[in-house]
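Colleague: Below are the chains, spelled out letter by letter.
Protein chains: 2
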Amino acid sequence: MTFAWQLARRADRMNPSIIREILKVTERPGILSLAGGLPSPDTFPAEAMRVAADKVLREAPREALQYAASEGYAPLREWVAEHLGRQGMAVSPGQVLITTGSQQGLDLCGRLLLDAGSRVLVETPTYLGALQAFAPNEPQVDEVASDDDGPVPEALAEATTRGGDRARFLYVLPNFQNPSGRCMSEARRAALVDAAQAAGLPLLEDNPYGDLWFDTPPAPTLASRWAEGTVYLGSFSKVLAPGLRLGYVVAPSALYPKLLQAKQAADLHTPVFNQRLVHEVIREGFLDTHVPTIRARYAKHRDAMETALRRHLPSGCHWTSPQGGMFFWLTLPSEIDSLALLPLAVEAGVAFVPGAAFYARTPQANTLRLSFVTLAPEQIERAVALLGGVLKDVLARTPVLTP
Amino acid sequence: MTFAWQLARRADRMNPSIIREILKVTERPGILSLAGGLPSPDTFPAEAMRVAADKVLREAPREALQYAASEGYAPLREWVAEHLGRQGMAVSPGQVLITTGSQQGLDLCGRLLLDAGSRVLVETPTYLGALQAFAPNEPQVDEVASDDDGPVPEALAEATTRGGDRARFLYVLPNFQNPSGRCMSEARRAALVDAAQAAGLPLLEDNPYGDLWFDTPPAPTLASRWAEGTVYLGSFSKVLAPGLRLGYVVAPSALYPKLLQAKQAADLHTPVFNQRLVHEVIREGFLDTHVPTIRARYAKHRDAMETALRRHLPSGCHWTSPQGGMFFWLTLPSEIDSLALLPLAVEAGVAFVPGAAFYARTPQANTLRLSFVTLAPEQIERAVALLGGVLKDVLARTPVLTP
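Chains as they are written, first to last, in UniProt numbering: chain C, 1 to 403; chain H, 1 to 403.
Just so you know, these hints were derived from the structure itself, not from any lab.
Identical chains blur together in the list; that is why a pair holds if it fits in one copy or across any two.
Here are the computed lysine to any residue pairs in the SDA-like style, where the Cα-Cα straight-line distance is at most 25 Å:
| # | residue 1 | residue 2 |
| --- | --- | --- |
| 1 | 55 | 286 |
| 2 | 24 | 67 |
| 3 | 300 | 310 |
| 4 | 55 | 290 |
| 5 | 392 | 315 |
| 6 | 300 | 62 |
| 7 | 392 | 340 |
Based on the provided sequences and hints, a complete structural model is requested.
Modeller: Dropping the structure here:
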């Protein structure tokens with residue numbers, strides 16, 4: 001007789017990542033994938049890591065390999081506070097919690113702030129991984145009307161109190177958003193924070209891509225405008241390497257102790273070897289020279305994709321050229337469902353992520369996300385040409401509704 | 001005006017680790033601490049790690065530093081399956097989920113199996129970290145009567161159905177338990193699994209210390225007797241190094257997909273650099289020669305503590321010499337509360353963990369845990385002498401109740 005496990009109710013809310021399922025299909029040899037959000041491995045500073053790993057394991061093996069503080073490695077917490085300070089945020093090291101990637105930051109914040117049935121607000125579209133992180137807490141996820149500049153401040157008051165149940169926070173990714181690539185203007189940031197303060201709505205600000213600007217840095221963070229009402233998430237994944245799983249949360253002091261307890265319960269602490277390794281790499285200003293090389297590289301990739309899109313996409317497709325980050329967001333002619341398009345594209349040898357995956361409630365079916373950082377520029381040209389061909393085929397076969 | 005955060009209800013159940021709070025006090029210079037459960041850093045294979053880190057970062061930097069599969073690094077999953085196979089468990093690599101320490105395994109299992117108010121069974125005493133991992137799910141934690149051989153099988157049926165609400169699982173640590181040091185006999189394992197199967201009660205088997213036996217290996221795991229009803233947790237923390245945060249879950253195939261989704265939501269994946277590093281260290285049989293050196297070292301420490309306890313502790317104190325693992329569990333004369341004893345001990349220069357921390361419901365106040373692996377044997381002698389002195393002082397001042 002097979003034993004029957006009884007699962008927690010929240011298990012119904014856990015689902016495989018659509019992106020990861022797509023990636024499985026698209027990792028077949030020969031597929032040019034614009035789907036994954038993988039940083040270019042050419043940017044990983046392997047040699048600096050190797051030298052630093054050697055140094056850490058020679059000089060402090062007993063500390064680097066032992067259990068450590070749940071808060072994180074003190075010099076790394078100090079580095080983060082100082083780094084953010086240079087960007088206009090007043091952060092004390094005591095507010096910094098080192099996490100196992102910023103995905104864990106999302107998870108811990110969800111656990112600390114969301115009850116079953118409580119409301120959480122997100123942008124449209126929004127980062128899929130955040131929806132996954134929040135889901136096990138069984139919240140009701142509500143969308144805030146958003147435009148090319150991010151969430152619309154005027155929509156915040158109503159969204160906060162909709163249905164009589166106050167939303168617990170707004171999850172927002174202001175810089176080169178995943179998936180839309182958009183970056184909030186300074187005016188929008190000011191208006192959004194004003195609206196959030198007026199509505200008594202805390203903010204969960206996610207900033208994995210902020211350092212990846214091409215021409216000008218983004219405006220100051222939301223946290224710099226409203227420190228006590230904002231939890232800020234940062235990451236080393238996009239400026240160093242994601243495989244080390246190293247991120248951080250900056251939390252108001254009212255929240256920090258409980259966040260720390262959630263962290264202890266989750267994995268005791270983030271691998272201290274990784275923390276010391278990264279600190280050794282960055283302590284003398286490595287990122288000051290390294291990050292500009294990533295920016296220059298990704299700007300070229302962005303240019304290659306912009307050129308290819310203009311060359312190969314049929315009329316009726318729209319996008320805004322991103323000013324940083326890793327993604328183009330395409331709006332296709334309204335009769336095209338990108339989810340139905342995907343198998344045809346994969347057959348032709350190119351993959352993307354259908355936009356529907358990034359909407360909490362009301363998917364916009366004629367959208368899709370393209371990463372411009374994983375493939376080389378000449379591969380991008382080829383991949384976009386394939387995508388353009390598939391789109392033209394589909395449009396030729398789609399009956400045009402005459403008015 | 002200070003912004004007021006609304007926390008999730010589960011935040012009330014999150015509390016600072018008593019052990020970590022004690023450790024803060026006892027990490028003052030000059031305190032001989034028998035409190036922490038820290039492996040001896042003399043056992044960390046720093047040189048092998050250094051060589052392996054160098055190799056991984058030279059030969060596979062792009063893979064070691066990139067995002068990776070949530071399941072874990074395939075060759076490491078295969079190693080785990082093969083390693084457990086040699087211990088009599090039939091495990092396929094597809095059942096192995098690599099976790100960020102086995103604390104994360106506890107967390108994921110709690111999230112997947114526990115609803116608010118649902119019942120979970122634990123031993124008396126039990127591992128404090130497991131109680132912390134389960135707490136955010138707001139379960140009702142019930143104790144199963146236990147003796148020197150672990151949970152009493154005859155108590156299982158009633159405990160499973162107590163109050164009409166079926167317990168979701170029994171959390172059990174059969175090998176050299178933290179905190180009691182006890183190791184379940186083969187007969188007890190057989191009887192416990194029979195009782196669990198009869199009661200339809202799944203098992204969560206935690207085995208961080210099973211390789212640390214001194215004279216004879218422990219009997220086969222519970223999972224080897226009842227694979228489909230048992231989730232098994234393993235760890236590299238005690239045989240290699242805890243600072244890498246590397247553990248694993250072996251789950252029945254009925255449970256694996258949801259466990260994987262919970263893992264994705266929690267931190268995407270465990271640092272793949274750490275996984276490749278450890279696999280590189282252990283792939284050619286390193287543990288076959290390394291683990292025996294840890295056993296020999298810890299056996300000497302155990303002997304030193306046994307000798308010191310016999311020499312310095314007043315009559316009325318009881319313990320069983322552990323046959324493996326890291327801990328002695330002391331039962332003091334019944335009039336002594338070890339929590340009240342701790343400040344006196346710290347004042348004298350020695351620290352321990354009061355036993356009350358390890359009970360889910362009904363603390364036994366006259367117990368305490370001593371780690372024998374962190375201090376050197378001569379420090380153990382000195383520390384136990386100090387503890388004995390404090391105990392004798394307290395007993396001399398405690399009025400003896402005459403019958």
